[in-house]
Structures are given as C-alpha cells and as structure tokens.
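Participant: Okay, here's what each chain looks like letter by letter:
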Amino acid sequence: MLNEEIIIAGFGGQGVLSMGQTLGYAAMVEGKNVSWMPSYGPEMRGGTANCITIVSDSTISSPIVSRFDTGILLNQPSMEKFESRIKPGGIIVYESTNILHASDRKDIGVYAIPASDEANKLHNIKIANMILLGAFLEKKPVVSIEGVMEALKKVLPERYHNLLPINRQALEVGAELMRKAQ
Amino acid sequence: MELKEDIRLMKGNEAMAEAAIQAGMDAYFGYPITPQSEVLEYLTREVPNRTGIALQAESEVAAINMVYGAAGAGARVWTSSSSPGWSLMQEGVSYIAAAELPCLLVNVNRGGPGLGTIQPSQGDYFQATKGGGHGDYHLLVLAPNSVQEMADFVFLGFELAEKYRTPVMMLSDGAIGQMMEKVTFHKREIVKSAKPWATTGKTEDRERNIITTLFIQPEKMEIVNIHLNAKYEEIKKNEVRYEEIETKDAEYLLVAYGLSARISHKVVILAREKGIKLGLLRPITLWPYPSDVLFKLADQVKGMMTVELNAGQMVEDVRLAVNGKVKVGHYGRMGGIIPSPEEVEENLEKFIKTL
Chain A
1 MLNEEIIIAG FGGQGVLSMG QTLGYAAMVE GKNVSWMPSY GPEMRGGTAN CITIVSDSTI
61 SSPIVSRFDT GILLNQPSME KFESRIKPGG IIVYESTNIL HASDRKDIGV YAIPASDEAN
121 KLHNIKIANM ILLGAFLEKK PVVSIEGVME ALKKVLPERY HNLLPINRQA LEVGAELMRK
181 AQ
Chain B
1 MELKEDIRLM KGNEAMAEAA IQAGMDAYFG YPITPQSEVL EYLTREVPNR TGIALQAESE
61 VAAINMVYGA AGAGARVWTS SSSPGWSLMQ EGVSYIAAAE LPCLLVNVNR GGPGLGTIQP
121 SQGDYFQATK GGGHGDYHLL VLAPNSVQEM ADFVFLGFEL AEKYRTPVMM LSDGAIGQMM
181 EKVTFHKREI VKSAKPWATT GKTEDRERNI ITTLFIQPEK MEIVNIHLNA KYEEIKKNEV
241 RYEEIETKDA EYLLVAYGLS ARISHKVVIL AREKGIKLGL LRPITLWPYP SDVLFKLADQ
301 VKGMMTVELN AGQMVEDVRL AVNGKVKVGH YGRMGGIIPS PEEVEENLEK FIKTL
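Same order as they appear, the protein sequences are chains A and B. Our numbering numbers the first residue of the first sequence as 1 and each following residue consecutively. Our numbering numbers the first residue of the second sequence as 1 and each following residue consecutively.
Only true hints are included.
In silico DSS-like cross-links for lysine-lysine, where the CA-CA straight-line distance does not exceed 25 Å: (1) A:K180 x A:K139; (2) B:K248 x B:K274; (3) A:K154 x B:K187; (4) A:K87 x A:K180; (5) A:K87 x B:K274; (6) B:K296 x B:K237.
FYI, nobody ran anything at the bench for these hints, they're computed from the structure. Every value quoted in this text rests on a predicted model; they were computed, and no experiment measured them.
Could you build the full structure based on these sequences and the hints that come with them?
Facilitator: Structure, rendered in structure tokens:
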C-alpha cells in the first residue's frame, strides 16, 4: 500500500512549494490521492517555506503530520528542523550545495544531491528543485517521470512549454545523481 | 493519461469559488482577508468570462449589505471572509436571517480573538452556532473537512438556503482553505427554486412584495419569532448530517469537525494500532447538531473527547447531547497552532486514564 508522507522545506524562492505541487499534480494524473499543505504566513516572504505532500492510494486522513517518510531539504535550517522527524527507515534527500552539515542518523538513508551546481551546469538555477524531485523519484518512484511531465504540461501556461525539455533533463540528471549517491 | 472526469488539484478556497460559478451564482460580494483571499482572486479572474458578478466591496459591512440587497432581489448570492471580517458582518447576518433571505456565507476561520493570526483555528464555533449577531436566529452551519467538501457544500448550501429561505453558513478553517487536494466536479443540473417573494418590481397581478426586519409591535414581532423557530425545528428534523468512522465496536469516541476531524481520523488509526478501540463522530452540520447519535453512542462508549482548535467550545454541545451519561473531555490547541495526530493520541490516553 502506498502512503508516502513527505516534507519539502527550504528558503522561499527555491521552488519548495511548486515542487510539492508538481508532485501532487503527477499523483492526481496517475489516479492517486494527494494532499498538499503549505506553511503560509508572513514567514513565507524571504524566510523559510515548507509544504507537506502526501501521496496515497487510499483515503488520506490527516493532511498535517509531524513525522515523515521522506524529507526533501533545501537549506540548513530545514535540515536542523526536520532531520529528527523522519521515521526510522525513511530518507532525506538534501541540497548539498547549500547544506554543509547533514544528518548523521544511521537509521535513515541520507542522500546528498548537489542540485544547484548541476542546475548551473544546465544554465538554469530555477530547475534545481526538479533535480531534487528526480533524485527522490529515483529512490522512491511514487509517481513516474511521465506523470511528472504530464503534470508540468498542465501546470505550466502554454507560453512556458518550451521549458518542458529542460525540466525532463533536470529530472533525469537528478535520477542519475541519486544512482551515484547510493 | 487524459482524465475522464473533471478532476482538478485545487486549494479549498479555489474549489469553493469554482463551485459557486458552476452552481450558477448571480453575485459575490466580498473584501479580501487572509486566509481566504484566493476566493476573490479566483472569481475576479474567472467571472468576466463566465457567469455572475464578483465585486470587491469597500468593507465587510458593505459586502454583507450588498448580499442582503441582492438576496432580497432573488439573486443566488454569497460572500466569504475570515474571523475578524466575519465579525464585522454580524449585524447584516442578523438582518438577513430576520428577513428570511437565502444566501451562502463562508467563514474561513483563523486564530483570534482580535486581529489574531492568519493560521487555522476553530475559535469561531460559538459565534457560528449560537448566533454571531443579535436576536433569536440560527444559521444552518456546514463544516467541510476536505477540498472536495468545500466545493460540494457550495451546491448543497445554495440548495438548503433556498429550500428553507434561510442564510446557510459554511464554517471552514485556514488549513482546509489553503491546502490542495483532488476535487471532482460532477456535471449537474442547476436547479433554482422560484422566488415569488423577491422584490423585483411589482406586477399588476399581485400585491407589493415587502422585505423588512422592523416589526415595531411586539405582538407582530413574536409572530415572526414563532414562525422562524418553527422553520428551525423543521431544519433540525430534516438536515442533521454527520459521519461515523470506526464507531461500531468503539469503546472510546473522538468528536471533531473540519481539520480536527482529519487529524482525529489519523488518531483513530494510531490508537487502533495500539489496541485501543477508538471511533470518530464527525458532525457535518454544526447546527443543527447531531445530538441524537451522540446520545445513543453514550450508551456504548466509556468516554468521549472532542478535538478542537480552540479552548473547548463544541465540547459543550457534546455534553448537552449526552446529558451526563458519559464523561466528555476536550483537547485543543489555539492561536493557529495545529496539534499532530501523535500529540492528540497521547492526550487521549491521558483522558482514558481519568475514566
């Protein structure tokens, strides 16, 4: 039974909320249940942002949980806040360009993904979040890459559809980084 | 991977706005306030190409009085706000209830009292169910616990409002308004009931229609009061709605609505993993209240605990319902803080020890 409880956290502007939404759309396209709960409030403007995304093949009870199967963490404060809240056996996928001190827990999988560095190589820093999403989906394929692409087609206005190929590339780069990180 | 039905991923606030358009709304009047500003944003974007009027009023006081006027003219009309803004509307709400005008009123509850916070709360339960404005009146209060219900209860709300000629309220909260979930929009036929009482201009074949809330002679006022209360009794008889989760063999019962009910559902799962036979009763209508089912369940369970995002408000209605048959406790967080399912479960176990 699929019931993946994910926390995605970082600075506002890193694409934290949109990563969760894209994952949510993909889950919906694939006929799964999904809830996406953003932190909202004054702290979003320039401060930290996070969202809880739950993907399940059954009814989702609470959209708000305090312990997670997966943490996708994009900055140091998020690592400090959420590392202890990952369930034993869970994973952390983190942005290792930004995060210098990662979790040293031995009961979870901790994977360093230099997403910003790789995004710069692709000449588009904004797709770092998609690299992380690709890395996560390589480890836990809760939705398919095709599902994500389908979702992006729906989410992005048509004038941005020229960005679809670079998003696919980012997802694939992320998957490759995860294969190396394991 | 084309979706067969009209399924979307939306925020609760957006789903509610989309539902209102699909329900054939004639007008929306509102004033922006977090955490429900998406409603006005969505409507002002969509409505010009579709149906109805969406207007940003100069204040909440103006907005509710525009609703009053439009409802009097027979329009399918609604407004939404959040706690401090909803408080500003209360005079108008009392007038609308007295004038027996159908409309939909939404409060996306945030932390209070005062200007408070912008995070989710259920601190407005008393205000919603015991009458936020003055005088002997009730609103029919629906409490959605998902994005799907934010949409569904718009259709239901308009129908009930027109059926009983009464304002219907939807009491939501910041989390249900802000979160995104899958929502399905079914094709439906829009049924609008006839409104022969509406003030749309006198025709030769009938008397003038008058909408007023001033009945200066007490004898006349009392007749109005008696009439209103007969209508409320009818609503009590017909419109109580609730959901039971794992109550069949339950030895303990949580009672919760809205976001708290979602959290409590998870608590039921956690408790049952530990061997505690826990059930959940979720009131869907907060007025009329599902008192009868609670009275019956009081014979079965050893104790009940409400879970609320407030200091303990609905717990009073549960105590009234069970009339002393079992102990009724409360666990809540306030100010926009949301308890985790684990935290609630821990406090449930503490409560069980007191029984």
